[in-house]
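For reference, the chains in residue letters:
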Amino acid sequence: MSIANELTSKASTSISTSTTMQRPSENRPLTGDATGLITCQICESLCHFQVNDAHCQVCDAPLRIRNNAAFGKSVAYLIAATILYIPANLLPVMHTETIFGPEDDTIMSGVVLLFASGSWPLGLLVFFASVMVPLLKLFSMSFLLWTSWRRSKSHPLQRSQLFRIVETVGRWSMLDIYVVTVLVALVQFQSLASVYPGEGAFAFATVVVLTMLSALNFDSRLIWDAINTDE
Amino acid sequence: MSDVKLVVCHECDLICHEVSLHVGEAACCPRCHARLFHRNRSTLDQTLALAFTTAILFFIMNTFPLMSLHLQQNTRETSLFGAALAMWDREMHVLCLLVILTTIVAPALQIGIEIYILAYIKWGTRIQTTSLPMMILQKLRPWSMVEVFMLGLLVSLVKLKDLADIIVGPAFWSCAGLIVVSAIMGGMLTPRNVWMWSQERKSHVNC
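Line by line, the protein sequences are chains A and B. With numbering that gives the first Met the number 0 applied, the first sequence covers 0 to 230. With numbering that gives the first Met the number 0 applied, the second sequence covers 0 to 206.
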């Protein structure tokens, strides 16, 4: 408790000095980066950080300060995901052998099949999870990375909200992988009907994991940096 | 409660004044609308009880069959681990490992660490603040995908319903239960609550 008190008093002094020093641009929002303050993500106490020593003074957890390498990583994962997105959609994710003959299913043909068999609510669900979400993630992440690299100042709130959607919705693309897993495990009736996984499933799973890694490495504070350091 | 009156938004880096909240309220960043923290009425005992519930449900989910399929005279049933192993048998080693990692290893670690944190605060003799388990928990959260797997199960159920008779196993229902209970517990086991509980216990021990 005493540490927390001390930190608060330290924090308030540093803020008052920084506001008086930066008088010329009064509209400039007060940020953690400008004042050297950050809230620990583990114990939620307010901490001072130095570039070479970024550990929480209360619980000793590493603080999440800006990491220049993370932006590059995010870009790299995104590029890899974009490349793999092509085989993920062209190669079959599932190979079915029934008495009516063999059949290859890609992501898209699986969705079409669901629509054709009359279960359109499910078709819609799988369409969203397997087609829309990966596309949305690829486009949104490139847009977010591009605009924050260009230090764009327009619509930061909307971009922040877009990133939040990408973060929460991303993992649901794994849906198709699990469907293939369950079908492969259950439908094994030799000559009657058998399901085998296809190469597309591997590519698709990799796309999901890579886009998740890209989103995890993206620092949403970059969206606001152009506004924070105005003029 | 802590005495800190300022919060730095973790999503846009704005320094915000901390406000005191009523139970059930959440504080959001005025600039980027990120949720900074929320307050709920949960106690340590409640959360611990839910943590044990998730452990039991997770155990059932992994030991009993998920579903079985009847086609003419043939019957095939699968458990969660068996489903992943079927991928290994079809030369899809990476996918097998990915499925095991996201549906078995990550949730198991998550539940284990949650119980460890809570039990440590409740019964631990040397109360010290350990940040490592909470850090692992935060890193693990996006990779634990039981709810996605559940939806995958439902989709495959519908896909198979015309082909054969399906019998849903106990693991299916415990999987459904696990999602609900762990979602409730996720809202209770916040860094703020854990910190508050360990401070309470610390002051209780010192008195």
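Heads up, a few of these hints could be off.
With a straight-line cut-off of 20 Å between C-alpha atoms, the simulated DMTMM-like cross-links for lysine to aspartate or glutamate are [to be verified]:
| id | chain 1 | residue 1 | chain 2 | residue 2 |
| --- | --- | --- | --- | --- |
| 1 | B | Lys201 | A | Asp32 |
| 2 | B | Lys138 | A | Glu166 |
| 3 | A | Lys72 | B | Glu90 |
| 4 | B | Lys160 | A | Asp32 |
| 5 | B | Lys160 | A | Glu102 |
| 6 | B | Lys4 | A | Glu166 |
Calculated directly from the structure, the hints in this document are not laboratory data. Nothing here was measured: the structure is a model prediction, and the numbers come from that model.
So, going through the hints one by one against the coordinates:
no.: 1; hint: B:Lys201 with A:Asp32; result: violated (33 Å)
no.: 2; hint: B:Lys138 with A:Glu166; result: holds (13 Å)
no.: 3; hint: A:Lys72 with B:Glu90; result: violated (30 Å)
no.: 4; hint: B:Lys160 with A:Asp32; result: violated (56 Å)
no.: 5; hint: B:Lys160 with A:Glu102; result: holds (19 Å)
no.: 6; hint: B:Lys4 with A:Glu166; result: violated (29 Å)
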